[in-house]
Amino acid sequence: MILQTKIALRAVLLIWTALAASTGFAQKPKIEMPERGLCAHRGCMDTHPENTLPAFKEAVRLGAQMIEFDIQLTKDGEMVIMHDDGVDRTTNGSGKVSDLTFAQIRALDAGIKKSAKFKGTQVPTFEETLAMMPENVWLNCHLKGDEEVGAKSAALLAKSNRLHQAFLTCSEKAASAARQTVPEILICNGENSYRKNTPKYVQATIGNKANFIQLLRHEPGEDRTASMKLLKDNKIKINYFYAKTPGELEKLYAEGVDFVLVNNVADFLPAAKKAGIEPVVPTYSKAKNPAQKQAGANAANERNKTLIVFFDGLRPDYITAEQMPNLFAFSQKASHGKQHHSVFPTVTRVNSSSYATGSYPGTHGLLGNSIYFPKVSPNKAIGTTYEDLIKVQESESGKLLTGISLGEALENAGEKMMVFSSGTTGQAFLQNHKIGKGAIINHELILPESFKEQVFSEIGPMPKGTGDVFIKHKWVTDALLHYGLKNDGPLVSAIWMSDPDGAAHRYGIGSDQAVAAIKYVDAQFGRILDSLSSRGLREKYNILISTDHGFVTHTGKQNLSDLLISEGLKKDKESDDVVIAEGAIYVKNHDQTVIRKIVETLHKTDWIGAVFTKPKKKGNMTGSVKGTLSFDAIHYNHPTRAGDILVAPNWNDDKNDKGYAGTDLSGGVAGHGGSSPYEINIALFTDGPDFRDAVKSELPTSNVDIAPTVLALYSLPIPSQMDGRALSEFIDDQKSPSEKSGKVTIETKASYPWGTYNLSLELSVLGKYKYVNFTKTDRVKTSASK
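Start counting the sequence shown at 1; every next residue gets the next number (this note's numbering).
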């Protein structure tokens with residue numbers, strides 16, 4: 001057991017040391033740091049919920065010279081800010097931090113026990129805490145743990161360019177691991193085994209070459225004169241835990257204490273000022289970094305903003321000068337991601353969640369347009385309208401998505417995101433489901449509810465009875481122009497137009513109705529560009545354009561439920577022995593015999609294409625059933641929400657009557673959701689002041705890369721839960737990936753008396769990032785079965 005622990009620690013250190021090398025740990029120019037002052041203990045903990053962003057923001061506002069907070073690891077290794085071993089005292093939850101996952105802790109309310117006005121305050125991560133801090137305040141990072149948290153916290157501080165101001169108050173073991181990872185890390189000796197013995201504590205601090213010490217309150221009659229002299233002679237900064245009354249400050253500073261921990265900074269400000277200590281005026285990096293609200297509305301208005309545009313169901317070959325003159329002209333000047341990918345399954349709710357969270361379904365947990373949550377509906381799948389999603393959220397203790405969204409990351413940095421959508425309420429909601437200080441404007445859903453009256457008053461409700469089937473696109477564009485694209489608008493605005501998807505589903509790819517829809521949404525995009533130009537904002541907006549998926553013609557009539565019922569593998573449409581949610585199959589009690597029989601049926605059914613199952617072992621590319629690929633190969637293996645089998649329809653390159661290639665054997669007129677290149681291969685365009693000009697990139701990209709890219713535009717930390725990468729090849733001041741991309745093919749097969757089922761999956765690979773290109777299915781039948 002001891003050997004295993006050492007090996008695991010060595011692996012952690014190697015990983016974080018490699019991260020240190022890869023980021024270069026470039027540090028800021030020398031910044032003048034406070035020589036002495038007040039340390040806000042857990043933020044302003046007397047007036048605000050301790051160890052939360054509101055408490056830290058208040059400390060910054062009051063001008064504290066140092067801010068102290070506590071860091072520990074969740075069960076799944078996320079660094080969160082929490083003092084106690086358990087969450088019981090400060091949140092509405094129960095249990096030890098180390099026994100709870102980050103998702104469980106994130107769902108807790110860390111503010112309600114302090115005051116109703118702080119209701120909804122979340123437990124912050126270490127990353128989020130660093131993102132909101134100024135660069136000229138000391139950060140006293142108190143570690144609750146040893147080697148692993150020491151290594152991880154040191155690496156993150158270096159990666160975040162905080163080595164000049166942050167130090168780790170920690171045990172000797174944690175300090176050793178931190179220094180192995182980042183040799184120049186600042187250390188405050190917090191070894192508890194001898195901390196109450198001041199002379200021994202001082203000698204050990206000097207011997208360990210620590211930079212800070214954090215002395216405890218004096219024992220009655222204790223004389224620290226000699227100890228204080230030793231510390232000063234060795235240039236060790238002295239923190240003091242803690243002052244109970246302002247009257248103590250004068251004596252402590254006279255004795256040589258540098259920073260005094262206090263629970264209420266406001267009460268101690270007059271005494272500190274009397275001692276010659278002025279409040280800190282916070283400063284922030286001059287780099288693109290809205291991690292902080294800059295002083296004054298004018299400064300905030302000067303920051304470049306971002307607009308994300310999604311055209312639902314936009315095939316790349318729709319973008320022509322005739323059909324989409326505005327987008328076509330934009331694309332000729334913009335940078336172009338030529339190997340951009342939809343996230344599989346290629347449906348709207350999966351991709352709206354994936355772009356919003358920067359993660360795949362296996363991370364964020366929204367697995368389809370139809371989803372199965374037994375607590376909500378035990379024997380059948382449900383839809384994904386706003387009303388459906390709220391039921392899911394309630395059944396999952398508030399955790400609709402198990403990833404961190406772009407909206408949440410911006411909110412944590414003091415910014416906001418507004419979503420504008422002419423699509424379904426579910427698609428709109430999933431783009432920024434936490435909402436925060438932002439908003440969602442959809443023709444059938446406006447959030448927060450209190451905003452609805454204002455919207456209807458200022459731009460009016462969506463017109464009805466006009467005979468214009470596309471009027472909703474104009475209405476939502478009106479809303480974007482009114483609320484989003486202006487000097488004092490949100491840092492990030494996103495607009496999602498639900499066509500050409502809707503028209504293509506109903507009338508087919510290339511139909512007159514679909515072409516009319518394409519032209520209409522393009523005209524709205526033209527209005528957006530014209531408005532930015534007329535307002536003098538075109539050079540102040542970064543624009544990023546994508547879509548959720550491509551499109552194929554459908555020629556089949558079958559469906560999965562009827563197939564399994566006819567084969568005796570499902571009792572009836574309402575039975576819970578086997579539940580079907582689009583292509584996902586949930587088998588009661590995960591019965592392996594039933595799963596195998598279903599797979600065998602799927603293999604012999606010509607209209608079925610790729611078949612996926614759970615991996616036997618984490619990371620395996622082939623599934624647990626012979627002739628299947630694994631959920632891990634397609635980023636689908638959510639630990640609690642994935643089914644037992646996932647199916648994609650078979651496809652081919654056949655063209656429809658309008659000359660558009662790509663056909664699958666699903667029912668209906670036309671659609672998406674499968675694993676063909678016509679559904680996965682989509683377009684990505686970027687343009688704006690912070691993007692490079694006219695880059696034509698062959699590197700693979702995906703909708704999961706959008707959120708990390710937006711955060712990178714502003715030098716905001718990318719949450720560790722995000723699977724995507726920041727697209728540095730498009731960002732003006734960043735170095736393009738050094739790795740070369742390549743392609744790999746994974747193959748599997750299963751043989752039967754009727755013949756052989758062959759399945760392959762092609763992936764594009766860039767370093768650690770893998771992108772699904774397409775699957776291919778081939779059945780070789782024996783002569784007897786033909």
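No lab work stands behind these hints, which were simulated from the structure alone.
Check each hint, because a few of them may be wrong.
With a Cα cut of at most 27 Å, we get these calculated DSS-like pairs of lysine-lysine [stated by the list, open to error]: (1) K597 with K573; (2) K655 with K776; (3) K616 with K604; (4) K416 with K437; (5) K380 with K604; (6) K557 with K781; (7) K474 with K519; (8) K740 with K333; (9) K437 with K119; (10) K380 with K399; (11) K749 with K696; (12) K375 with K588; (13) K626 with K571; (14) K452 with K416; (15) K391 with K573; (16) K200 with K119; (17) K735 with K338; (18) K338 with K96; (19) K399 with K588; (20) K251 with K196; (21) K604 with K573; (22) K416 with K117; (23) K658 with K776; (24) K474 with K434; (25) K75 with K375; (26) K235 with K200; (27) K735 with K781; (28) K209 with K144; (29) K380 with K251; (30) K380 with K333; (31) K119 with K434.
For each label pair, taking beta carbons as the anchor points, the in silico distance ranges come out as [unchecked claim]: (32) K696 with S533: 21 to 31 Å; (33) A116 with N208: 19 to 29 Å; (34) D84 with N197: 40 to 50 Å.
Since the structure is predicted, the reported quantities are computational estimates derived from the model, not experimental observations.
Just so you know, even glycine gets a beta-carbon here, dropped at the ideal spot from N, CA and C.
Quick rundown of the hints versus the structure:
no. : hint                       : in the structure
1   : K597 with K573             : holds (18 Å)
2   : K655 with K776             : holds (18 Å)
3   : K616 with K604             : holds (23 Å)
4   : K416 with K437             : holds (6 Å)
5   : K380 with K604             : holds (26 Å)
6   : K557 with K781             : holds (23 Å)
7   : K474 with K519             : holds (12 Å)
8   : K740 with K333             : holds (25 Å)
9   : K437 with K119             : holds (14 Å)
10  : K380 with K399             : holds (21 Å)
11  : K749 with K696             : violated (37 Å)
12  : K375 with K588             : holds (14 Å)
13  : K626 with K571             : holds (25 Å)
14  : K452 with K416             : holds (18 Å)
15  : K391 with K573             : holds (22 Å)
16  : K200 with K119             : violated (44 Å)
17  : K735 with K338             : holds (19 Å)
18  : K338 with K96              : violated (47 Å)
19  : K399 with K588             : holds (24 Å)
20  : K251 with K196             : holds (21 Å)
21  : K604 with K573             : holds (22 Å)
22  : K416 with K117             : holds (20 Å)
23  : K658 with K776             : holds (24 Å)
24  : K474 with K434             : holds (26 Å)
25  : K75 with K375              : holds (25 Å)
26  : K235 with K200             : holds (17 Å)
27  : K735 with K781             : violated (51 Å)
28  : K209 with K144             : holds (21 Å)
29  : K380 with K251             : violated (71 Å)
30  : K380 with K333             : violated (48 Å)
31  : K119 with K434             : holds (14 Å)
32  : K696 with S533: 21 to 31 Å : holds (25 Å)
33  : A116 with N208: 19 to 29 Å : violated (45 Å)
34  : D84 with N197: 40 to 50 Å  : violated (25 Å)
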